[in-house]
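Put together the whole structure using the sequences plus the hints.
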Amino acid sequence: MEAQPSLSIQRSGARQPSNLGVSGGMTSSLPAISTHLEETYLKLPDTQPVSAERELMTRPLVHATRVPTNSEVVGHMFSSSSGFSSDLQYSSASPHEKLLRNTPFISQSPTNAAALPLPQSSNSALPQSTISSHYNKENSGSWSTDPGFLDFPEWADQLISDDEALASNWNELLVDNNVMDLEPKMAYQVAKPCTTIAAQKPQVHQQLPSPSIESRSVVNPSSSTNNAPAKPRMRWTPELHEAFVEAVNQLGGSERATPKGVLKLMKVEGLTIYHVKSHLQKYRTARYRPESSEGSSEKKLTPIEDISSLDLKTGMGITEALRLQMEVQKRLHEQLEIQRNLQLRIEEQGRYLQMMFENQKSGLDKLKVSSSNLENPPTLSSDATKESPAKNELEASQMDNVNSGTDPVNANSILEVSSQEMGGEKKAPETGDLEKAESCVSELSSQPSKRPRFEE
Amino acid sequence: MKFGKRLKQQIQETLPAWRDKFLTYKELKKLVRLISSAPPASLEYGKAEAEFLYLLNNEIDKFNTFFMEKEEDFIIKHKELQQRIKRVIDTWGPNGSRPSEAEYKDEMAKVRKHIVNFHGEMVLLENYSNINYTGLAKILKKYDKRTGGLLRLPFIQKVLQQPFFTTDLVSKLVKECENTIDEVFPAEEEERTKERREAITIEGKGIFRNTVAALLTMQEIRRSSSTYDHFSLPPLNLPDSDLIHSFHLTSPIPIP
Numbered sequence: 176m177e178a179q180p181s182l183s184i185q186r187s188g189a190r191q192p193s194n195l196g197v198s199g200g201m202t203s204s205l206p207a208i209s210t211h212l213e214e215t216y217l218k219l220p221d222t223q224p225v226s227a228e229r230e231l232m233t234r235p236l237v238h239a240t241r242v243p244t245n246s247e248v249v250g251h252m253f254s255s256s257s258g259f260s261s262d263l264q265y266s267s268a269s270p271h272e273k274l275l276r277n278t279p280f281i282s283q284s285p286t287n288a289a290a291l292p293l294p295q296s297s298n299s300a301l302p303q304s305t306i307s308s309h310y311n312k313e314n315s316g317s318w319s320t321d322p323g324f325l326d327f328p329e330w331a332d333q334l335i336s337d338d339e340a341l342a343s344n345w346n347e348l349l350v351d352n353n354v355m356d357l358e359p360k361m362a363y364q365v366a367k368p369c370t371t372i373a374a375q376k377p378q379v380h381q382q383l384p385s386p387s388i389e390s391r392s393v394v395n396p397s398s399s400t401n402n403a404p405a406k407p408r409m410r411w412t413p414e415l416h417e418a419f420v421e422a423v424n425q426l427g428g429s430e431r432a433t434p435k436g437v438l439k440l441m442k443v444e445g446l447t448i449y450h451v452k453s454h455l456q457k458y459r460t461a462r463y464r465p466e467s468s469e470g471s472s473e474k475k476l477t478p479i480e481d482i483s484s485l486d487l488k489t490g491m492g493i494t495e496a497l498r499l500q501m502e503v504q505k506r507l508h509e510q511l512e513i514q515r516n517l518q519l520r521i522e523e524q525g526r527y528l529q530m531m532f533e534n535q536k537s538g539l540d541k542l543k544v545s546s547s548n549l550e551n552p553p554t555l556s557s558d559a560t561k562e563s564p565a566k567n568e569l570e571a572s573q574m575d576n577v578n579s580g581t582d583p584v585n586a587n588s589i590l591e592v593s594s595q596e597m598g599g600e601k602k603a604p605e606t607g608d609l610e611k612a613e614s615c616v617s618e619l620s621s622q623p624s625k626r627p628r629f630e631e
Numbered sequence: 009m010k011f012g013k014r015l016k017q018q019i020q021e022t023l024p025a026w027r028d029k030f031l032t033y034k035e036l037k038k039l040v041r042l043i044s045s046a047p048p049a050s051l052e053y054g055k056a057e058a059e060f061l062y063l064l065n066n067e068i069d070k071f072n073t074f075f076m077e078k079e080e081d082f083i084i085k086h087k088e089l090q091q092r093i094k095r096v097i098d099t100w101g102p103n104g105s106r107p108s109e110a111e112y113k114d115e116m117a118k119v120r121k122h123i124v125n126f127h128g129e130m131v132l133l134e135n136y137s138n139i140n141y142t143g144l145a146k147i148l149k150k151y152d153k154r155t156g157g158l159l160r161l162p163f164i165q166k167v168l169q170q171p172f173f174t175t176d177l178v179s180k181l182v183k184e185c186e187n188t189i190d191e192v193f194p195a196e197e198e199e200r201t202k203e204r205r206e207a208i209t210i211e212g213k214g215i216f217r218n219t220v221a222a223l224l225t226m227q228e229i230r231r232s233s234s235t236y237d238h239f240s241l242p243p244l245n246l247p248d249s250d251l252i253h254s255f256h257l258t259s260p261i262p263i264p
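Quick mapping for you: the protein sequence lines, in order, are chains E and G.
All the letters of the first sequence, read from the start, carry residue numbers 176 to 631 under my numbering.
All the letters of the second sequence, read from the start, carry residue numbers 9 to 264 under my numbering.
These are computed hints drawn from the structure, not numbers from a lab.
For clarity, every value in this text was computed on a predicted model and none was experimentally measured.
Here a beta-carbon is modelled for each residue, glycine too, at the ideal position from N, C-alpha and C.
Be aware that a few hints might be false.
As the list claims (entries may be wrong) - Just a sample of chain G residues kept apart from chain E, beta carbon distances all over 10 Å, derived:
id, residue
1, Q17
2, K34
3, S179
Said to hold, decoys possible - With the C-beta cut set under 7 Å, the calculated list includes, among others, these residues of chain E facing chain G:
id, residue
4, R408
5, W411
6, Q504
7, L507
8, L517
9, R520
Said to hold, decoys possible - Below, simulated DSBU-like cross-link-like pairs (lysine-lysine); rule was C-alpha separation at most 30 Å, straight line:
id, chain 1, residue 1, chain 2, residue 2
10, E, K505, G, K37
11, G, K87, E, K442
12, E, K452, G, K180
13, E, K505, G, K55
14, E, K457, G, K113
15, E, K505, G, K38
16, E, K435, G, K113
Have a look at this one:
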């Protein structure tokens with residue numbers, strides 16, 4: 176029956192909860208799928224060298240504050256155009272649709288299938304279904320020149336059903352800031368299937384880490400069979416800059432130091448002389464002509480406009496004026512941060528809700544079937560009917576929260592109550608997607624609830 | 009349409025060198041219209057769609073490049089400012105090699121202007137990032153709406169990961185700046201004399217004005233619109249809205 180395969184996956188998941196070092200209820204099913212995937216398709220290669228690279232590559236996700244361990248400090252390189260663009264074909268929504276259709280049982284995390292920012296390396300590994308096929312064909316010119324992506328091998332079909340595991344892993348990486356320290360492990364685990372499967376693609380090696388940063392993976396010059404164009408962008412960090420300054424000072428100061436010398440001293444993998452050169456130039460300008468470097472973007476302001484605002488401010492004296500300026504700037508910064516966080520949460524939630532919605536459809540069918548399998552025959556029908564309304568109630572309460580615009584606290588309690596009701600009616604490990612839905616919901620409820628979007 | 013106007017305003021009021029780095033919202037909107045008016049699965053449909061996607065990607069590359077460039081500049085300047093302040097403290101500060109209150113104050117005053125402007129420029133970059141993101145989100149929404157496509161959700165996920173939107177480092181630098189300013193220029197410092205008036209340069213003015221403009225624009229954009237839905241941001245409530253409005257100069261004030 177339909178229920179069977181899904182149940183088996185679930186059980187195996189329950190047994191190996193900590194396989195990937197993933198924590199949190201929401202992700203408890205991930206190991207199940209990934210392990211399943213790995214068992215089916217892979218022999219795990221030696222982890223040592225790969226993990227170092229993984230770390231390197233996942234660093235960019237937490238970019239500024241972390242320093243990769245592989246080399247002292249590593250900046251982050253970005254392939255400027257194709258890196259991003261090549262992912263576009265995978266960012267269309269239909270892959271997730273397809274996934275959902277193929278896998279009637281979708282348990283695990285809410286991030287599961289929604290958006291698939293698949294890494295470049297998996298071009299050949301995963302289906303590249305798109306909304307309209309002409310998307311791909313017409314755009315392959317401007318996008319990365321990965322030759323093989325249009326025809327994917329048959330084993331990719333098998334992967335389709337397990338894609339969501341990968342996707343959910345990746346989405347975990349993307350979405351949940353709280354699991355940042357788990358990313359290296361997750362990325363590592365995720366990346367491996369890609370490595371093995373897409374082995375024929377040379378660029379796989381360094382494109383793997385997490386899909387979220389494929390446009391800024393650390394480019395390893397030694398294996399730079401990148402799809403990227405000639406000048407990968409370097410993303411500087413304060414730590415990297417420190418190392419730079421160190422090197423410059425050792426070489427006798429910014430005037431005397433040469434790009435080549437600095438490059439050699441820094442010993443940073445992936446750093447090219449081109450990067451050092453331009454950075455050195457900026458550095459010199461900043462040191463010796465601070466006025467001009469600061470004012471460079473503003474020289475062309477018309478005097479009249481500025482004198483008029485000068486008028487306004489000079490009534491106060493410069494200190495006061497600067498203080499005021501600071502206040503406004505601080506305010507703007509604050510608001511921008513808040514806005515940005517909101518935007519992130521909104522998108523997160525959008526994905527969860529969509530997943531939930533999709534789940535509900537397939538889940539309800541599943542429920543009826545599975546509850547008939549699990550429960551005693553006498554209570555069979557009553558359970559089935561109990562669960563569906565409970566789930567509906569959940570959705571309804573979500574919508575109520577949205578419509579009344581209640582704050583997260585209320586949403587929290589309502590949603591959790593509903594989850595508990597559902598949970599109480601089911602047996603432990605076999606609760607399957609409902610349990611997952613619960614945890615999704617609890618996660619959701621911590622954010623401002625909004626109306627689910629049905630047209631997507 | 010409202011956003012388009014707001015964006016235009018922002019671009020007009022922004023630092024001149026930045027003007028061509030913003031989202032070409034109008035252009036993208038035109039393409040969406042073109043796509044939706046073309047018969048589905050026709051050649052022109054395909055072409056328009058391809059161009060749309062191509063442009064989108066190009067825009068993002070543009071943002072990334074510009075953003076990372078500025079970010080690099082900021083990293084360098086931040087360090088320089090920190091060092092400069094340290095030098096002043098170490099030389100003319102109370103525990104310095106040649107303590108001199110007058111010199112200290114003098115030098116610090118110069119630095120102060122720089123650091124405040126630096127702070128402002130960084131915040132403006134954050135604003136740049138955000139307004140472009142907002143524009144992208146809106147145009148994607150339009151696309152989905154007009155063409156019935158499902159591009160928005162996955163595409164925006166990608167965008168969220170782009171360098172130009174991951175502004176953590178800049179944010180960190182901004183906070184460090186604020187801390188430095190609070191430390192070095194404590195609130196109880198007495199007001200400088202009016203002679204310092206001339207020291208307020210054009211640079212400072214530009215940034216201040218831009219910041220004000222940016223704040224107000226943000227407020228405007230977030231006012232509830234007809235298409236307000238769960239993907240929209242709530243309205244922005246600025247407590248000192250009136251005060252900020254008074255700083256907003258859209259036309260030059262004639263000087264008597």
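field: Separation of K34 of chain G from chain E, once the least beta-carbon distance is taken, above 10 Å
entry: Nearest chain E Cβ is 21 Å from K34 of chain G, so the label holds.
L517 of chain E as an interface hint toward chain G, with CB separation required under 7 Å: holds (5 Å)
- prompt: Hey, K505 of chain E versus K38 of chain G, does the alpha-carbon distance stay inside 30 Å?
  reply: With Cα atoms ~36 Å apart, K505 of chain E and K38 of chain G exceed 30 Å; violated.
message: Need the status of pair K457 of chain E, K113 of chain G: alpha-carbon distance at most 30 Å?
response: It holds: about 29 Å lies between the C-alpha atoms, which stays within 30 Å.
task: So, R408 of chain E near chain G? Judge it on the closest CB pair being under 7 Å.
output: holds (6 Å)
message: What's the verdict on K452 of chain E and K180 of chain G, does the C-alpha distance respect the 30 Å limit or exceed it?
response: holds (26 Å)
task: Go through the hint on W411 of chain E and say holds or violated, using the shortest Cβ distance to chain G against 7 Å.
output: holds (5 Å)
task: Find the nearest Cβ of chain E to the Cβ of S179 of chain G and say whether that gap is larger than 10 Å.
output: violated (6 Å)
task: Just double-check Q17 of chain G for me: nearest Cβ-Cβ distance to chain E has to come out over 10 Å.
output: The claim holds: Q17 of chain G sits with its nearest Cβ about 15 Å from chain E, beyond 10 Å.
- prompt: Holds or violated: are the alpha carbons of K505 of chain E and K55 of chain G at most 30 Å from each other?
  reply: Since the Cα atoms of K505 of chain E and K55 of chain G sit roughly 45 Å apart, the hinted pair is violated (cutoff 30 Å).
Hinted pair K435 of chain E and K113 of chain G, Cα distance within 30 Å: violated (41 Å)
task: Under 7 Å, Cβ to Cβ, is where L507 of chain E needs to be relative to chain G, so tell me if that hint holds or is violated.
output: Hint on L507 of chain E: holds, closest Cβ of chain G at ~5 Å, below 7 Å.
Figure legend: structure checked against the earlier numbered hints; hints not met, in rising order: 3, 9, 10, 13, 15 and 16.
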